[in-house]
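S.K.: The primary structure of each chain is shown beneath.
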Amino acid sequence: MKSDTENLLSLVDVTVNFEGFLALNNLNLKIKRGELRAIIGPNGAGKTTFLDVITGKVKPTKGQVIFKEISLIGRKEHKIARLGVGRKFQSPRVFENLSVQENLELSVSSPKSPLHLLKKNIIKDQLEEVFQLMKVVNLTKKNDIKAGALSHGQKQWLEIAMLLGQKPDLMLVDEPVAGLTDEETDLTADLLKSLAGKNTVLIIDHDMDFIRRLDCKVTVLNQGAVLFEGNMDTIQNNQKVIDVYLGRPD
Amino acid sequence: MELLLDSIFNGIAIGSVLLVAALGLAIVFGLMGVINLAHGELMMLGAYTTYVTQLIFKLPILKPFYNWYVIISIFLAFIVSGVVGIILEKTIIRKLYGSPLETLLATWGVSLILQQFVRSVPLSYGSGLIISLLIGMVLPLFFPTKIKESIKFKYYKLASWSFATLIGILSAELISSLISKLGRASSRNVDVTAPAWMRGQIEILGNTFPKTRLMIIIITLISVIAIICFLNQSAWGIRIRAVTQNRQMCDCLGISTEKVDVITFGIGSGLAGVAGVAVSLLGSVGPNVGGNYIVGCFMVVVLGGVGNLLGTIFASFGIGIMTDLIGAGRLLNIWPNMPLSLSNTINFFATTSMARVMIFALIVIFLQFKPSGLFPQKGRMVES
Amino acid sequence: MNTKNIKINGRLKFIFWVLLIAFVVAAPSLLPVFRLNLLGRYLSLAIVALGVDLIWGFTGLLSLGQGIFFTLGGYCVAMYLQLNSSSEFPNNIPEFFALYGVKDLPFFWAPFKSLFFTLFAAWLIPALVAAILGFLVFRNRIKGVYFSILTQASLLVFFNFFNGQQKLINGTNGLKTDVTQLFGQMVGSELIQRYFFWITVFLVITAWFFSKWLIKGRFGNILIGIRDDEPRVRFTGYNPVLFKTIIFSIAGALAGISGALYTVQSGIVSPQFMTVPFSIEMVIWVAVGGRGTLLGAILGAVFINYAKSLVSEALPASWMFIQGGLFILVVTTLPQGILGWLYSESPRNLLQRFGFIRKIKTYPSLEINKNGES
Amino acid sequence: MRISRRILAGLATASIATTLTSCGGGSKTSGSFDDSVTVGILHSLSGTMAISESTLVDTEIMAIEEINASGGITIDGKSYKIEYIIEDGASDWPTFAEKSKKLIDQDKVPVVFGGWTSASRKAMLPVYESKDAFLYYPIQYEAQECSNNIFYTGATPNQQSEPATEFMYKRSPAAGGDFFLVGSDYVFPRTSNTITKAQVKQLGGRVVGEDYLPLGNTEVAPIISKIKKALPSGGIIINTLNGDQNVAFFKQIQDAGITPSEGYYVMNYSIAEEEISTIGPEFLEGHYGAWNYMMSIDSPASKKFAANFKKRWGSDRVVADPQESAYNMVYLWKQAVEDAGTFDDNAVRDALIGQKFDAPQGPVEVMPNHHLSQTVRIGEINSEGGFTILEETDVVLPQAWNQKHPSSKGFACDWTDPSKGEKYRL
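As given, the protein sequences belong to chains A, B, C and D, one line each in that order.
The working numbering applies: residue 1 is where the first sequence begins, and numbers increase by one.
The working numbering applies: residue 251 is where the second sequence begins, and numbers increase by one.
The working numbering applies: residue 635 is where the third sequence begins, and numbers increase by one.
The working numbering applies: residue 1009 is where the fourth sequence begins, and numbers increase by one.
Honestly, I wouldn't trust all of these hints.
[Stated by the list, open to error] Keeping only pairs whose Cα atoms sit at most 27 Å apart, straight-line, the calculated DSS-like set for lysine-lysine is: (1) D:Lys1318 with B:Lys431; (2) D:Lys1086 with D:Lys1364; (3) D:Lys1116 with C:Lys942; (4) D:Lys1312 with B:Lys431; (5) A:Lys76 with B:Lys461; (6) B:Lys509 with A:Lys59; (7) D:Lys1428 with D:Lys1417; (8) B:Lys461 with D:Lys1236; (9) D:Lys1086 with D:Lys1178; (10) A:Lys141 with C:Lys850; (11) C:Lys801 with A:Lys135; (12) A:Lys142 with C:Lys846; (13) D:Lys1319 with C:Lys801; (14) A:Lys76 with A:Lys59; (15) A:Lys198 with A:Lys79; (16) D:Lys1318 with B:Lys308; (17) A:Lys198 with A:Lys240; (18) B:Lys431 with D:Lys1319; (19) A:Lys59 with A:Lys32; (20) D:Lys1311 with D:Lys1209; (21) A:Lys57 with B:Lys620; (22) A:Lys119 with C:Lys850; (23) B:Lys620 with A:Lys79; (24) C:Lys846 with A:Lys119; (25) D:Lys1205 with C:Lys801; (26) A:Lys68 with A:Lys240; (27) A:Lys124 with A:Lys141; (28) C:Lys850 with A:Lys142; (29) B:Lys402 with B:Lys509; (30) B:Lys509 with B:Lys345; (31) A:Lys32 with A:Lys57; (32) D:Lys1417 with D:Lys1209.
For the record, the hints were derived by calculation from the structure and aren't laboratory data.
Predicted, not measured: the structure shown is a model, and the values here were computed from it.
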């Protein structure tokens, strides 16, 4: 394995076999540091499995996942998370019985050992950070409200804020704008775009307008493998992509 | 080799009891995700049904058919436990879908009540109650469609329930007047005696095998085959499996998921009743008869892997054979010259008491390597 | 679900504490010996209930095997007391050994000659056993009902073991403590029992505050997080196995303390404490009192047990009906338990309907939460 | 559905109500008494042991009613009516201790009649000793105990198992055969079997195996295969299984060919008439039992006892040894109180020793070690569900400390002599 400093994440020949069904089939993919990357693909293309493999939820049958020059295969989810991989789920998953602030405190807190959490209250810097994050996602006024009482969009944003709180090197964002209003979608796109550069962001989505707004390199997955890579314009004109996914423009 | 064969025979004998007891549990747990701690008490109802049937068949009119009362009681036990199961589902369990821990606690409450019920209520009244419930539930199904759709249906229903109650009370009185043993509440254990043709032993492959055990194996076999056929061939079986896989989709397709739930739970409970018949042939029948089996059943289901009948079958025979191997200290016979320390250890566990300790410990260790049991459910939906 | 943010208001709290302390101080003179002893025992059960609340109410782990740790704690003190008063018996070992022809003290008994060791062992051993058991189970992500079933199976393993080992720990008969000596006094005597009552009250309150402290901050929030969405906790970088093992072991320690106190006040510890129903009852105390409320666990344990002893004096056979009914009722209609129900808006609505209190003008849940955080 | 539920509930509560009222109630005898005394009755009315222990409650109530009907207890010309408080031990040993405390501390009863299992007695013992109260315990047990605060009216091993073992080895059809010991896993079977093993060795016989079934477990298949392995062509089986485990055992050994006709003879220490009727005589016929009292004893006292019991509790009820013990202890207590002239524990305790009573089994006498001298009978179980009495010993004196058990050999108990007490070397 040659050293690879340019790429933050690379997947080499990753195959996931569910009882004969190849969810990922020799997938090869590289993400550069600071890159904003969108991944699209039809249902069953293996997008979620792809995230599962990176975050350690699913162990690939074959292949390598290299992150910051470390292999992620066989590592536990929380270890991978601590290495700097953050994940936002498709439907917002926040701790519904905790308040907004408590949610964020959990994601910001570091180190994440039980003893540390027991010993003292959150340190000042981290508390500051929590308030900062609330400001970013516009939830400052709702800091005491239970996350379960938030609207769908607010939950999405809270989860993104929690993701940011973990200060990950790589952010995996699964359908961040599902169920959001147009206005919220735009704000989310801007937010994600502003994160790129500093962070590396990988977005999975169906919403073509949203992807277009992100204005980044797009990878098309199909049947567990990369079908095509390029920017939005080239993709929309690629015959293969049109055939399997976009459909013919009327 | 001969010793091993002997062990396998014994293991099958022990395992078949476990299997028949665990079958209903495995179905309810596997298909509905419901942990039914009252399963043992449903077995108990089945066992009491056998007892009542036996006494009824001792009446002069039915005496000629006495030899066949066990066969009849299998069907009756299925119905009795099934009816109680359906009532349970409709009143309590339905409210708790999706929260298995709560179901577990509620069914424990049910098991306490059922246990005390058979202690404090005379069996004749218990039978009367079951009869009236059965009639009350079944009768409205036979009403012509015209009545079913009319606004006055509830009055008809009321009428049919009153009729059912009347029949129930009458039959309770009838039973207690005919058989005085059933007319009195008693916490005393009662006993089922197998008819003469089911007692004694037969020889298979040079091994003697008790006939009652063979009968239980046959009951188990028939139940397993019937269940597999039902789930795979019948329309309702296919619906049940469909609901297990995707409830919302089934709702959309017009399958009454409520009805499916009732039927699944009813069948699981009915099988508990059948298990009760089997158990009653081996030991005495009392309020605790089912409770003695329940933890063993859970072990079978956990070891076998949820939602997999094959796993249940393997697990029960596996536990059965292990029980015999460890409990009877057979390894010592198979391997006579083992080191002293090892043979001491084996002797330590070669009592029925310690064998149980050993087997549960082995299961826990086994689950360290295969947390989802022998035959885990596969696919990406499992963890979510 | 989460009610820990909701607090009863200050004045009520003050009155509550005054009443409580007054009662505790006056109890030994108010109550007849027998009732006082019962109260002491039920209060010690409240400690194990607190543990159940921590693991079930907050972390979502329904253990049906708390009896293991409870009994281990009980055996620890009973072994000490037995050794402490066996000087008059042959070989200086407890009397029952002679019955089985045992001449030498089994090796694991020896350390229990020390009071110091025993005081630690009574909670440390259960905590260790819980930690090992918990770790093995949590490591494999066995959770939900599987966890419950496995804890129940472990309970049976321990029960069968203790029940069958007459030569080691006196099997079914268990160990008695009433006629043993402690500081020159008989443990069953009124004086010593009164001291145990005070100790129990003190430890219940300590355990209560300890539990409150545990769940107050971020540690408690993680537990709630594990209960509600374990994968999310993992992806946030926390190791749920560690947290679960810790809290399970704490619950084990609490159970051990509880068992030790219960034993010295009952006069006996036996494998009977490890039967399946007793461990499930512990869960029911918490369920009825109100899970996730801590106070509910204490009240549930004390009141249900008191009710049990009163009912079984009057109508022995009906307790099973009542208990079973209570299970079903609480689970189906009062999932938050009595205290959870009181904390929620339902009683407020009830009072409103009868015109006892004024309607709140603003959005109620918003108000309540604001109060809760301050 | 709502209606149906209501009917259901109504039916259920109605039937429960009838059963509850039918089993409640105090002593009904009328008559004029000067005063009354309340005694405690403590047995399991719920749980697994309720089956057995409720028969003792019935017997004790009957004895109390008989005494009341004949004028109650007379002290200094003053007549006392006996009232009773029944407490439920719930088949849970610690509960027995708790309820004992309640009866002693709260109800201040002068005496408690109670207990069945050894574990329950062991749990109660410290309570009575620490409070210096008095318990009457009616069950045949493993002995190795001699409390100043307990009075034991059941048989000790030398009044039951020892004559039985000797009979089996010397005079039964399987005489000279090998022994296999089966029991439930608790203290009575284990201690009893220790004694049996020592005795068989003395007699020159062989014990080829023993196994214990955990309480509550009814899977006897492994035990049966062990028996067949250890006794391939018949022998003697000593059975100390508990309650319903016997049903599973006898049903299945018969199916496995372990029957008298095949040369296997089972001697039972826990199977009395009540159990025979539950298990079914067809499974037990030809096996043996050893008791102090058997219903088939052909004496007026025995017949009257059985007849009175049937009259009071129903014609299909039977009496057995534990009930007889329970019956005796109530009468013995009454006699001792009348002799002592007070209900005070210590005086009654002293007056008790030497009390004689014409029990249904024949004359019994309270010995200085708080046990009874009794007659031992060996019976063969017959097809009618009773015992055919084969042998009857003279009155056997009780040994609180067994003389065959290695731990207690050479010891005895005597509470009349302060220098001897609980355990002294003979």
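S.K.: For each hint, tell me whether it holds in the structure or not.
M.R.: Here's how the hints hold up against the structure:
Between lysine 1318 of chain D and lysine 431 of chain B, the direct Cα distance comes to roughly 15 Å. Compliance with the 27 Å bound is thereby established for this hinted pair. About 23 Å separates the Cα atoms of lysine 1086 of chain D and lysine 1364 of chain D, which keeps this hinted pair within 27 Å; it holds. Among the hinted pairs, lysine 1116 of chain D with lysine 942 of chain C is consistent with the structure: their alpha-carbon atoms are about 21 Å apart, no more than 27 Å. This hinted pair checks out: lysine 1312 of chain D and lysine 431 of chain B have alpha carbons roughly 24 Å apart, not beyond 27 Å.
For the suggested pair lysine 76 of chain A and lysine 461 of chain B, the alpha carbons sit about 54 Å apart, so the restraint of at most 27 Å is broken. Restraint check for lysine 509 of chain B and lysine 59 of chain A: not satisfied, since their Cα atoms lie roughly 39 Å apart, outside the 27 Å limit. Distance restraint check for lysine 1428 of chain D and lysine 1417 of chain D: the Cα-Cα separation of roughly 16 Å lies within the 27 Å cut-off, and the hinted pair is therefore satisfied. Taking the CA atoms of lysine 461 of chain B and lysine 1236 of chain D, the gap is about 17 Å. The hint holds against a cut of 27 Å.
Between lysine 1086 of chain D and lysine 1178 of chain D the alpha-carbon distance is near 55 Å, which puts this suggested pair outside the 27 Å criterion. For the proposed pair lysine 141 of chain A and lysine 850 of chain C, the alpha carbon gap of about 22 Å is at most 27 Å, so the pair holds. At most 27 Å may separate the alpha-carbon atoms for a hinted pair to count; lysine 801 of chain C and lysine 135 of chain A exceed this at roughly 68 Å. With a CA separation close to 25 Å, the supplied pair lysine 142 of chain A and lysine 846 of chain C stays within the 27 Å bound.
The hinted pair formed by lysine 1319 of chain D and lysine 801 of chain C fails the criterion: a straight-line CA distance of about 47 Å is larger than 27 Å. Restraint check for lysine 76 of chain A and lysine 59 of chain A: the C-alpha separation of about 10 Å stays at or below 27 Å, so the hint holds. Distance hint between lysine 198 of chain A and lysine 79 of chain A is fulfilled; the C-alpha atoms sit about 22 Å from each other, no more than 27 Å. A threshold of 27 Å between alpha carbons decides the hint, and for lysine 1318 of chain D with lysine 308 of chain B the separation of about 25 Å falls inside it, so the pair holds.
Between lysine 198 of chain A and lysine 240 of chain A the alpha-carbon distance is near 33 Å, which puts this suggested pair outside the 27 Å criterion. At most 27 Å may separate the alpha-carbon atoms for a hinted pair to count; lysine 431 of chain B and lysine 1319 of chain D meet this at roughly 17 Å. Of the pairs offered as hints, the one joining lysine 59 of chain A and lysine 32 of chain A holds, with about 23 Å between alpha carbons and a cut-off of 27 Å not exceeded. Straight-line distance between C-alpha atoms of lysine 1311 of chain D and lysine 1209 of chain D comes to about 39 Å, which puts the hinted pair past the 27 Å bound.
Straight-line distance between C-alpha atoms of lysine 57 of chain A and lysine 620 of chain B comes to about 17 Å, which keeps the hinted pair within the 27 Å bound. Taking the CA atoms of lysine 119 of chain A and lysine 850 of chain C, the gap is about 12 Å. The hint holds against a cut of 27 Å. At most 27 Å may separate the alpha-carbon atoms for a hinted pair to count; lysine 620 of chain B and lysine 79 of chain A meet this at roughly 23 Å. The suggested pairing of lysine 846 of chain C with lysine 119 of chain A holds, with an alpha-carbon distance near 14 Å, which does not exceed 27 Å.
The hinted pair formed by lysine 1205 of chain D and lysine 801 of chain C meets the criterion: a straight-line CA distance of about 17 Å does not exceed 27 Å. For a cut-off of 27 Å, the pair hint linking lysine 68 of chain A to lysine 240 of chain A is broken: about 32 Å separates their Cα positions. For a cut-off of 27 Å, the pair hint linking lysine 124 of chain A to lysine 141 of chain A stands: about 20 Å separates their Cα positions. Our distance criterion of 27 Å between C-alpha atoms is met by lysine 850 of chain C and lysine 142 of chain A, whose separation comes to about 20 Å.
Under the criterion of a C-alpha separation no larger than 27 Å, the hint pairing lysine 402 of chain B with lysine 509 of chain B is consistent with the structure, at around 23 Å. Between lysine 509 of chain B and lysine 345 of chain B the CA atoms are separated by roughly 14 Å; this keeps the pair inside 27 Å, and the hint holds. In summary, the hint linking lysine 32 of chain A to lysine 57 of chain A is supported, as the alpha carbons are separated by about 23 Å, within the 27 Å threshold. The hinted pair formed by lysine 1417 of chain D and lysine 1209 of chain D meets the criterion: a straight-line CA distance of about 15 Å does not exceed 27 Å.
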